[in-house]
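**Q** These protein sequence lines map, in sequence, to chains D and Z. So in our numbering, the last one in the first sequence is 116, and the numbering has no gaps at all. So in our numbering, the last one in the second sequence is 113, and the numbering has no gaps at all.
Mixed in with the good hints, there may be bad ones.
[What the hints assert, rightly or not] In silico DSBU-like links for lysine-lysine, alpha-carbon gap of 35 Å or less:
id, chain 1, residue 1, chain 2, residue 2
1, Z, K71, Z, K17
2, D, K42, D, K78
3, Z, K1, D, K83
4, Z, K37, D, K83
5, D, K57, Z, K1
6, D, K42, Z, K17
7, Z, K57, D, K57
8, Z, K71, Z, K57
9, Z, K37, Z, K17
10, Z, K1, Z, K57
11, D, K78, D, K57
12, D, K78, Z, K37
13, D, K78, Z, K57
14, Z, K37, Z, K71
15, Z, K1, D, K42
16, Z, K71, D, K57
17, Z, K1, Z, K37
18, D, K78, Z, K1
19, D, K42, Z, K37
20, Z, K37, D, K57
21, D, K42, D, K83
22, D, K42, Z, K57
23, Z, K17, Z, K57
In short, the hints are calculated from the structure, not lab data. Bear in mind the structure is a predicted one, so any value in this text is a computation, not a measurement.
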Amino acid sequence: EPEVTQTPSHQVTQMGQEVILRCVPISNHLYFYWYRQILGQKVEFLVSFYNNEISEKSEIFDDQFSVERPDGSNFTLKIRSTKLEDSAMYFCASTPGTGGSNYGYTFGSGTRLTVV
Amino acid sequence: KNQVEQSPQSLIILEGKNCTLQCNYTVSPFSNLRWYKQDTGRGPVSLTIMTFSENTKSNGRYTATLDADTKQSSLHITASQLSDSASYICVVLGGSTLGRLYFGRGTQLTVWP
Chain D
1 EPEVTQTPSH QVTQMGQEVI LRCVPISNHL YFYWYRQILG QKVEFLVSFY NNEISEKSEI
61 FDDQFSVERP DGSNFTLKIR STKLEDSAMY FCASTPGTGG SNYGYTFGSG TRLTVV
Chain Z
1 KNQVEQSPQS LIILEGKNCT LQCNYTVSPF SNLRWYKQDT GRGPVSLTIM TFSENTKSNG
61 RYTATLDADT KQSSLHITAS QLSDSASYIC VVLGGSTLGR LYFGRGTQLT VWP
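The shape of chain Z in the complex, shown without the other chains (with noise of 0.2 Å):
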């Protein structure tokens, strides 16, 4: 079954301080990895794509890393800030022809000054 399973389920760090955020999936076939960022009521906002050929990919103080063989993901956020609080959600394409999203539940972000 095509699944994406992210941890922690939700997490809080004062500012200033750097997080990661774990993501492991099981879509198949895969085309793509995807970290996305949602603030509450809102809907999702790209902050990397990853093929299966890049081990590591940053957008400024973001830097996700992508183990092909192992089908984890992480997410790096350094020197957070309060801006930051939000839900990080790991999302696969695959599983079909044109390709489909897979979303994980996201990792609930909150940064305390």
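Same shape as in the complex, but just chain D (with noise of 0.2 Å):
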């Protein structure tokens, strides 16, 4: 069964410094998402992407945070200078087309940011 894959999957670094998170979505899905959680704490809503643009994001998703598909396989997202509370589950996930039609999200096994 396909999967998304993420990578890493635990990664620690030290505030104030870029992290980028990597994700291979499933090879003929078209939307893509980042979703985060912080321990304890509910699955949050991060950013949507189609057609090579943000197609909608959270309050969240700030100006140090950018998402990227630079090839035709990888999605990442990069923080630019991480602060103690971005530390969280990331989760990316992927779907053939809009959550609207029904379609399944897959998500990936996510990588556990650590920010010290």
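The task is to assemble the complex, starting from two chains supplied on their own in separate frames and drawing on the hints.
**A** Printed below as a string of structure tokens:
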């Protein structure tokens, strides 16, 4: 069964450093997403991406965040200057069509980011 | 405000027993409602997807219900197994043009032998 692959599985970084989280969505999917889950809290939407541009972003997704699809397979989330409160599990997801069409979201296993 | 609330927060049952998890939502506009299972340290895995017009949907030992009028859903698990121990999350798609997922906090289910 096709999977969404995320790397690394764990990342520890110092406050103020830049991090790039990587995702390989399912190959025939068109819509890509980043979600995050702070320990003990709900999963929260960050951003959706379609046709090489951001479709929607949440209040969390400020200027410190950016996304990119640098080639035909990778989808990355960059945090320019990490803060302690960025520590969370970051999930990448992809769908073949919009969720309104009842397509299933396939989530990766996540990258646990720890900012120290 | 678009929100999804779940109860109970946690639940312990004995292997072989049934249980029902509850979900209330205020997401508008509404596209569909999903139940996910999330094992610790893993990504959520879809169990069911229900649209506005569906009242009940089953997936093996999982049966989800949806009352779009009262904006309530439930997930019933029958004949529980040890491997059912996980967080069960109610997720509603809606609230924008393409739709974002709104997650509940989840019900942490523990199945004891």
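**Q** Z/K37 and D/K83: Cα distance at most 35 Å?
**A** holds, 30 Å
**Q** Does the alpha-carbon distance linking Z/K37 and Z/K71 stay inside the 35 Å limit?
**A** Distance ~21 Å between Z/K37 and Z/K71 Cα, so the pair holds.
**Q** Taken at face value, is the distance from the CA of D/K83 to the CA of Z/K1 at most 35 Å?
**A** With a Cα-Cα distance of about 27 Å, the restraint between Z/K1 and D/K83 holds, given a limit of 35 Å.
**Q** Tell me if the straight-line CA distance from D/K78 to D/K57 falls inside 35 Å.
**A** Holds - the C-alpha atoms of D/K57 and D/K78 are around 14 Å apart, at most 35 Å.
**Q** Holds or violated: D/K42 and D/K83, Cα atoms, limit 35 Å.
**A** Holds: D/K42 and D/K83 sit about 19 Å apart, inside 35 Å.
**Q** Going straight from one Cα to the other, do Z/K71 and Z/K17 come out at no more than 35 Å?
**A** holds, 27 Å
**Q** D/K42 and Z/K17: Cα distance at most 35 Å?
**A** It holds: about 27 Å lies between the C-alpha atoms, which stays within 35 Å.
**Q** So if I understand the rule, the pair passes when the alpha-carbon distance is 35 Å or less; does Z/K1 with D/K42 pass?
**A** holds, 15 Å
**Q** Is D/K78 close enough to Z/K37, meaning Cα to Cα at most 35 Å?
**A** holds, 28 Å
**Q** Between Z/K17 and Z/K57, is the straight-line Cα distance small enough, at 35 Å or below?
**A** holds, 20 Å
**Q** Within a Cα-Cα threshold of 35 Å, do Z/K37 and D/K57 meet the stated pairing?
**A** holds, 25 Å
**Q** D/K78 and Z/K57: Cα distance at most 35 Å?
**A** Violated: D/K78 and Z/K57 sit about 39 Å apart, past 35 Å.
Hint violations for this structure: number 13 only, all remaining hints satisfied.
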